[in-house]
Each structure stands twice: as C-alpha cells, then as structure tokens.
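Asks: Sequence:
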Amino acid sequence: MNDQIETIRKTRSFLLDYIKELNIGQLNKIPAGFNNNIAWNLGHMVAAQQGVCYLRAGLKTWVNEDFFNAYKPGSKPTEYINEQQIEKIKELFFSSLDILKSDYVKGLWTNYSAWSTRYGVELKTIEDAIQFLNFHEGLHLGYVMALKRAI
Numbered sequence: 006m007n008d009q010i011e012t013i014r015k016t017r018s019f020l021l022d023y024i025k026e027l028n029i030g031q032l033n034k035i036p037a038g039f040n041n042n043i044a045w046n047l048g049h050m051v052a053a054q055q056g057v058c059y060l061r062a063g064l065k066t067w068v069n070e071d072f073f074n075a076y077k078p079g080s081k082p083t084e085y086i087n088e089q090q091i092e093k094i095k096e097l098f099f100s101s102l103d104i105l106k107s108d109y110v111k112g113l114w115t116n117y118s119a120w121s122t123r124y125g126v127e128l129k130t131i132e133d134a135i136q137f138l139n140f141h142e143g144l145h146l147g148y149v150m151a152l153k154r155a156i
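Residue numbers for the sequence shown follow the working numbering, beginning at 6 and rising by one.
Note that these hints are calculated values from the structure, not bench results. Computed from a predicted model, the values in this text were never measured in an experiment. Just so you know, even glycine gets a beta-carbon here, dropped at the ideal spot from N, CA and C. Treat the hints with caution; some may be incorrect.
[Unchecked claim] No farther apart than 27 Å at their CA atoms in a straight line, the calculated lysine-lysine pairs in the DSS-like style are these:
1) 111 - 25
2) 25 - 77
3) 65 - 93
4) 95 - 34
5) 93 - 111
6) 153 - 77
7) 93 - 77
8) 153 - 65
9) 81 - 93
10) 15 - 77
11) 95 - 25
12) 153 - 95
13) 15 - 81
14) 106 - 93
[Stated by the list, open to error] Here are the simulated distance ranges between beta carbons:
15) 56 - 7: 19 to 25 Å
16) 123 - 100: 23 to 29 Å
17) 125 - 88: 24 to 30 Å
18) 130 - 30: 39 to 45 Å
19) 115 - 40: 36 to 42 Å
20) 127 - 26: 35 to 41 Å
21) 136 - 28: 33 to 39 Å
22) 130 - 96: 27 to 33 Å
23) 123 - 103: 24 to 30 Å
24) 7 - 115: 18 to 24 Å
25) 96 - 28: 16 to 22 Å
26) 125 - 19: 24 to 30 Å
27) 103 - 25: 17 to 23 Å
Please work from the sequences and hints to get the whole structure.
Replies: Shown next as structure tokens:
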C-alpha cells in the first residue's frame with residue numbers, strides 16, 4: 006500500500022505545481038459551465054480521502070467536521086476560500102497521506118464496510134479504498150486542469 010499512497014502523493018505534488026502561479030481569485034473562480042472551483046477541488050480531495058478511508062470503516066475523521074462538510078462529496082463552494090484556508094488545505098494534502106500511511110501500518114482498519122462507489126467500483130477493504138483514491142485523485146486532477154484552462 007505504500008506504493009499506492011506514494012502515487013497519490015505524486016499526483017498531489019504535480020497538481021500543486023500545476024497551479025502554483027494562480028492567485029487566490031483564480032483559485033476561487035467558478036467558470037461558466039462549472040459548479041465548483043480549483044480551491045474546492047483541493048479541499049474535496051482531502052475530504053474524500055477521509056470519507057472513503059475513515060468514515061466508511063466506522064472511524065472518525067481527523068479533519069474537523071466543518072472542513073469535512075465544506076468539501077465532502079455532493080458539496081459545492083459556498084464561500085470565498087481565503088489564502089490561510091488554501092495554505093491549510095495544501096498542508097493537509099500531504100499530512101493526510103502521512104497519517105493514512107501511519108494508520109495503515111498500525112492496522113487501524115479492522116471493520117471496513119463494503120460499498121459501491123457512484124462509479125460502480127466495489128470497495129471491500131481499506132486496500133480497495135486506497136487503490137480507488139488513485140482513480141479519484143486523477144479524476145479531480147483532470148477537473149482542475151479543465152478549470153485552469155477555463156479561467
């Protein structure tokens with residue numbers, strides 16, 4: 006699983022490098038034809054990891070409830086995401102992977118509830134969940150690339 010987590014880390018590193026020259030206004034802009042922005046996609050990637058890996062296993066998320074609710078699947082940007090919040094998301098981009106890796110080594114997941122994603126992928130174990138995150142991260146990388154071209 007370390008390889009899978011490292012692939013997520015590389016995707017996230019690429020993404021942050023891809024958007025590094027954008028200003029806070031551009032990160033918050035919702036172009037015509039889109040229902041979210043780059044900043045929301047970044048937060049969503051962290052929140053989705055929490056939901057897929059922790060909540061689906063009956064575990065508590067370690068990001069606070071307000072953060073999770075702002076970026077969970079089905080949510081949309083409801084307010085301007087300021088520079089301090091962006092920096093926190095960027096920090097969580099990597100600290101969340103460090104914690105995931107540590108929790109995996111500890112064997113935290115003893116009761117992962119099987120479920121099917123909206124994409125038709127059945128997840129039965131934490132290993133399935135981490136593998137699915139690579140697909141999900143790539144999906145949102147694509148969204149961010151499209152958003153950047155549209156702003």
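Asks: For each hint, tell me whether it holds in the structure or not.
Replies: To see whether the hints hold, each was checked on the structure:
no.: 1; hint: 111 - 25; in the structure: 34 Å, violated
no.: 2; hint: 25 - 77; in the structure: 24 Å, holds
no.: 3; hint: 65 - 93; in the structure: 20 Å, holds
no.: 4; hint: 95 - 34; in the structure: 18 Å, holds
no.: 5; hint: 93 - 111; in the structure: 26 Å, holds
no.: 6; hint: 153 - 77; in the structure: 22 Å, holds
no.: 7; hint: 93 - 77; in the structure: 16 Å, holds
no.: 8; hint: 153 - 65; in the structure: 33 Å, violated
no.: 9; hint: 81 - 93; in the structure: 18 Å, holds
no.: 10; hint: 15 - 77; in the structure: 22 Å, holds
no.: 11; hint: 95 - 25; in the structure: 11 Å, holds
no.: 12; hint: 153 - 95; in the structure: 17 Å, holds
no.: 13; hint: 15 - 81; in the structure: 26 Å, holds
no.: 14; hint: 106 - 93; in the structure: 20 Å, holds
no.: 15; hint: 56 - 7: 19 to 25 Å; in the structure: 22 Å, holds
no.: 16; hint: 123 - 100: 23 to 29 Å; in the structure: 27 Å, holds
no.: 17; hint: 125 - 88: 24 to 30 Å; in the structure: 38 Å, violated
no.: 18; hint: 130 - 30: 39 to 45 Å; in the structure: 42 Å, holds
no.: 19; hint: 115 - 40: 36 to 42 Å; in the structure: 37 Å, holds
no.: 20; hint: 127 - 26: 35 to 41 Å; in the structure: 40 Å, holds
no.: 21; hint: 136 - 28: 33 to 39 Å; in the structure: 35 Å, holds
no.: 22; hint: 130 - 96: 27 to 33 Å; in the structure: 28 Å, holds
no.: 23; hint: 123 - 103: 24 to 30 Å; in the structure: 28 Å, holds
no.: 24; hint: 7 - 115: 18 to 24 Å; in the structure: 20 Å, holds
no.: 25; hint: 96 - 28: 16 to 22 Å; in the structure: 19 Å, holds
no.: 26; hint: 125 - 19: 24 to 30 Å; in the structure: 26 Å, holds
no.: 27; hint: 103 - 25: 17 to 23 Å; in the structure: 21 Å, holds
The structure fails to meet hints 1, 8, 17 from the earlier list, while all remaining hints are met.
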